[in-house]
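Visitor: Chains as they are written, first to last, in the numbering used here: chain A, 1 to 270; chain B, 271 to 540; chain C, 541 to 810; chain D, 811 to 1080; chain E, 1081 to 1350.
Hints were generated in silico from the structure; no laboratory data involved.
Please note that a few of the clues may not be correct.
List of simulated lysine-lysine pairs, DSSO-like, C-alpha gap at most 30 angstroms [claimed, not checked]:
1) D:K846 with D:K1029
2) B:K427 with A:K126
3) E:K1269 with B:K361
4) C:K694 with B:K427
5) E:K1269 with A:K210
6) E:K1206 with A:K154
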Amino acid sequence: MGTFFTRDIDKAMNKLETNGKTLFLAQDQGLEHGPKDLPGETIDPDFIFDIAENGEFDGFICQKGLAEKYAASYKCNLVLKVNGKTLMPPKDDPYSPVLCSVRRAVDLGAKAVGFTIFPGSSYEAKIFEDFRQVQEDAHDFGLPVTAWLYPRGKSIKNDLDPDVLAYSARVGLELGADMLKMKYNGNPKDMEYQVRCAGKAKVLMAGGPKAQSSKDFLKQVQEVDGAGAKGFAIGRNIWQHETPIAMSKAIRDVQIRGRDIYHALKRLEK
Amino acid sequence: MGTFFTRDIDKAMNKLETNGKTLFLAQDQGLEHGPKDLPGETIDPDFIFDIAENGEFDGFICQKGLAEKYAASYKCNLVLKVNGKTLMPPKDDPYSPVLCSVRRAVDLGAKAVGFTIFPGSSYEAKIFEDFRQVQEDAHDFGLPVTAWLYPRGKSIKNDLDPDVLAYSARVGLELGADMLKMKYNGNPKDMEYQVRCAGKAKVLMAGGPKAQSSKDFLKQVQEVDGAGAKGFAIGRNIWQHETPIAMSKAIRDVQIRGRDIYHALKRLEK
Amino acid sequence: MGTFFTRDIDKAMNKLETNGKTLFLAQDQGLEHGPKDLPGETIDPDFIFDIAENGEFDGFICQKGLAEKYAASYKCNLVLKVNGKTLMPPKDDPYSPVLCSVRRAVDLGAKAVGFTIFPGSSYEAKIFEDFRQVQEDAHDFGLPVTAWLYPRGKSIKNDLDPDVLAYSARVGLELGADMLKMKYNGNPKDMEYQVRCAGKAKVLMAGGPKAQSSKDFLKQVQEVDGAGAKGFAIGRNIWQHETPIAMSKAIRDVQIRGRDIYHALKRLEK
Amino acid sequence: MGTFFTRDIDKAMNKLETNGKTLFLAQDQGLEHGPKDLPGETIDPDFIFDIAENGEFDGFICQKGLAEKYAASYKCNLVLKVNGKTLMPPKDDPYSPVLCSVRRAVDLGAKAVGFTIFPGSSYEAKIFEDFRQVQEDAHDFGLPVTAWLYPRGKSIKNDLDPDVLAYSARVGLELGADMLKMKYNGNPKDMEYQVRCAGKAKVLMAGGPKAQSSKDFLKQVQEVDGAGAKGFAIGRNIWQHETPIAMSKAIRDVQIRGRDIYHALKRLEK
Amino acid sequence: MGTFFTRDIDKAMNKLETNGKTLFLAQDQGLEHGPKDLPGETIDPDFIFDIAENGEFDGFICQKGLAEKYAASYKCNLVLKVNGKTLMPPKDDPYSPVLCSVRRAVDLGAKAVGFTIFPGSSYEAKIFEDFRQVQEDAHDFGLPVTAWLYPRGKSIKNDLDPDVLAYSARVGLELGADMLKMKYNGNPKDMEYQVRCAGKAKVLMAGGPKAQSSKDFLKQVQEVDGAGAKGFAIGRNIWQHETPIAMSKAIRDVQIRGRDIYHALKRLEK
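Sequences and hints are given; from them, build the entire structure.
Guide: This is the structure we're talking about:
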């Protein structure tokens, strides 16, 4: 029974892990939210790629445009986000069209692809069809698939509801995603359940908007890691941080070096 | 006149039968209904696969994600469910997009594919077109096709109406399905007629939600088998059962070993 | 100018004719209307195939499912109906999706394909596009195309209006159908005009629901044949008849052996 | 810069011209308008093909069905109309689906293809996409493309408005049509401007419904030719004429032999 | 990491630059706006192509129709506009279908392709999907992609709002465009920010409708060039100018020869 898939994808997953855990830097907010999320020098992709190369990351998530124009100059594992949308059109249930073929992601040297699924959207059927194609193409090329599982649409009253999060995690597993980028609702028990619902698909916490303080953010990292999540995909909490590279290392202190938050915070004082 | 199809599919069907009858374990509820249908340890796919391997089944039905991540460790005939949907989007007439190509089902070692048809849905044309492609691809690869025939949508007042069930069975036959997974409305005469309408397509009773008691469920098995159905595709009534493996054997006692219900129930006492 | 098409299709047409005329047995009502049209033993496809083999027919019309599961055991020219729909979804202007690829029809040994066109439907563009593909694929494989020309939809006030029938016949010719299965409105002059509008496309009368009496039906046969139609595609008036095989011969008496109705009716008395 | 296209298409165009000008006979009214436009013997395609062969034409325009069943018996340049629609469905902005692939047009020996564009239709995007495919396929095979440019739809108040006609002509040029079949609004100045807007795309006047008298029609021919149009595509004014072949020659007298109308009319008296 | 793309496209970009800057002549208004934008002799494509050849341009932008029929006679770098629409259909959020395949653009000798994106349109998903295909095809053939980034649709209150322009520029970068044709809102600071948001994608100012005076237009050129834009794509301000070729040189004086506006204006007096 098709064991080669399992083996290939497992190997490819290992290259995106440190001690079995993952930390991705993400910058797809330029498309998803616009320049307002990219204040000051963060508007310059070179600034972000530089963090990706010099921080302590297992990969960097971006769209095709940045990958084509910038990635060749930097050393980092590319996780190509292959679908997306903007905030500009009239409000509707969300749907993100495919913006990069898997073949092109492979041409660009990607080590994994990323794809946003919106459980609850009235476009579910279309999203699932796109995902099927991307997931199968990616696995044919030996690339793991990271799915963003963001419950949204008029039928979702609360996207942090633990039942909604649990169901979303299961959807990711059943559809064949290898990693599930999901929000953390602040309750470690709920994250534990998401992790169980996800089975062998690995849950990565989405960083979200900049936290109140570094300490607050590291506390989330600790809770989520403790709840069994396999990693983090973080953008604004790193590159909007005043010392992004140190922040990546502080996260790693907590995630993989077993340091406590106070120890990790010291890095940021330097 | 294309006898090779008939012969190939017949051979492949034989491998999914015991004494000419079929018992499938099914777990696609994680996607279709969410974790609420998977209480306790049943949320863990390994728990379910273990039942699939050790119970007395002709095959195990699951989605691509579980097949890719778990099936390689277990011995069981895989019936890959190739379409599906969730309960999360706004209510509408039902449509299940294709979630796994037939080629990928073959790569994963599937011995048959499963596909849900919703007779009565306003998406009938789209469902039939998807089914045509899946059915032809599957037969090209020598795989039998199990169709879920679940009448549903705003034009279906009662999905257990015998005329609706009979028409649905005939639809399955005419479209080229090899097995028809259908609900039992509790009347053996109606099941007999469904079986006649299905012709050489084999009717499998869908297990449905957990029955009141094991006895109630085995009584259904007996009635449906007596009405000429060729088998059962059961999920919750097995893995939500306190002794799932014994339950699978009790069903087989009734279905293929000609035991009465009281004899079969004894297995569950042990 | 592409004479090979003309020649190939003409040859293939000859194999579906007796003395230049055609009689098809049809059973696609199981899908189109449901089991209510298949009373008693007619629900069993073997019963119908047996009539197809032993009656006096140039071909038998059915869907892919019956062709795959039954046709190999019988001798008859298969006319594969490649699109269709049910009565179950909410009422709408009609559209029949393609249910069998032409390639699969060829695999199954079909000698022609059948396709329903609904002139007047608001889905005209989609129907015509499907037909283009089917017609060109069929001609590439040397198979003639029988088009059902059934004017229907909210813009059609009366589907037996002679202008509507005449226009529909012409549509069949211009789109490239080789045979046009059409209703007879009871007026031989109107059928004559349909036949003229159809040019070299051959008009076949659709049998419709069971006639009041055998005599009534044979009278229709005589009128329609006299009006220049090249044949008949009949289902219920044969297999719902008490002596289906004799009925097929009675029709042939009138159609190709120049017998009068009273002579033909004698067959049915035996 | 792709000069081979220009050269190939120019050569193919020359074969559809007499002294640099074009006269096409058209019969696609059977599909577009129905038998009401084909009174008496004109309902018989052989009657029309005979005119096409014996009249003085550079080509004959028809749908695939007529081409397949009749064209092999006649000598004339075939201009295959590859899209179309009927008048039967509920009224809506117009869209004509593709009814014949370019490959099939080539198989049938076509020397050019015809395609209707409806500038102003709310289906503009779909029409343009179809046209792109047809135009590129045709040019790949070396076939010129005649576009019908018929402004229509709820946003078109007057399809003979000179601005609407001028814009439509330009659309034909920019999209890559080689000939533009367009209506004449009766004002030679407006036709002159259409011709200028069309640039190197050649304008052909559409014949339209039967004119009041032969003289009226020939007067139009003279005006339109004088305004710089390269030709005519005429149906009803020829085959509904009592002497169709003489009428074709009378048109040629005016168009290419520099005769005056009165001289030309004499042909029709014979 | 796919450095060949970067290198190939960079080389192809160099051929469309003079001293690292770009000036394109554009004529796609015939399709987009109609003949009203092409007064007098400008309606004749030869008139425009002549300016393209003899003015000081890095390329000429036009649709497939003009490229096929005129470009072979002129020396200029062709930038093929591969999508477009008219003003004729009922008002709706904008969508421009693909009108020329990238393969055909290559056949025609194009050195780049152009594609209009409407950020804010309710057709965003469809536009982005089309763009993905065109962008990837173009890069496969080594052709740079110029994207028109024209925010429009009912959700865009003001298409010159600096936030809207900045977001649109970023969209162009993230989707993989190489050049971004955008409007200038008259504020150099806003253009500077657009340029920063565009990163390594090069911003070209769209010329827009004819300016009040040559001086006004040259002032815009100076400001936009000063703000970091890499070039201009201009139509009406050149070919509606009384001395188009001199105007192209005046623009170059300001853009690449460091002349002041008054010096440049002198060219126009001659």
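Visitor: For D:K846 and D:K1029, compute the direct alpha-carbon distance and say whether it is at most 30 angstroms.
Guide: Roughly 27 angstroms between the alpha carbons, so the hint for D:K846 and D:K1029 holds.
Visitor: Does A:K126 lie within 30 angstroms of B:K427 when you go C-alpha to C-alpha?
Guide: It holds: about 28 angstroms lies between the C-alpha atoms, which stays within 30 angstroms.
Visitor: Hint check: E:K1206 vs A:K154, CA-CA at most 30 angstroms. Holds or violated?
Guide: Judged against 30 angstroms, a Cα distance of about 22 angstroms means the pair holds.
Visitor: Can you confirm whether the C-alpha distance between E:K1269 and A:K210 stays at or below 30 angstroms?
Guide: Since the Cα atoms of E:K1269 and A:K210 sit roughly 28 angstroms apart, the hinted pair holds (cutoff 30 angstroms).
Visitor: When you check the alpha-carbon spacing of E:K1269 and B:K361, does it fall within 30 angstroms?
Guide: violated, 49 angstroms
Visitor: C:K694 and B:K427 were given as a pair; does the straight-line alpha-carbon distance stay at or below 30 angstroms?
Guide: holds, 25 angstroms
The structure is inconsistent with hint 3 alone, although it conforms to all the rest.
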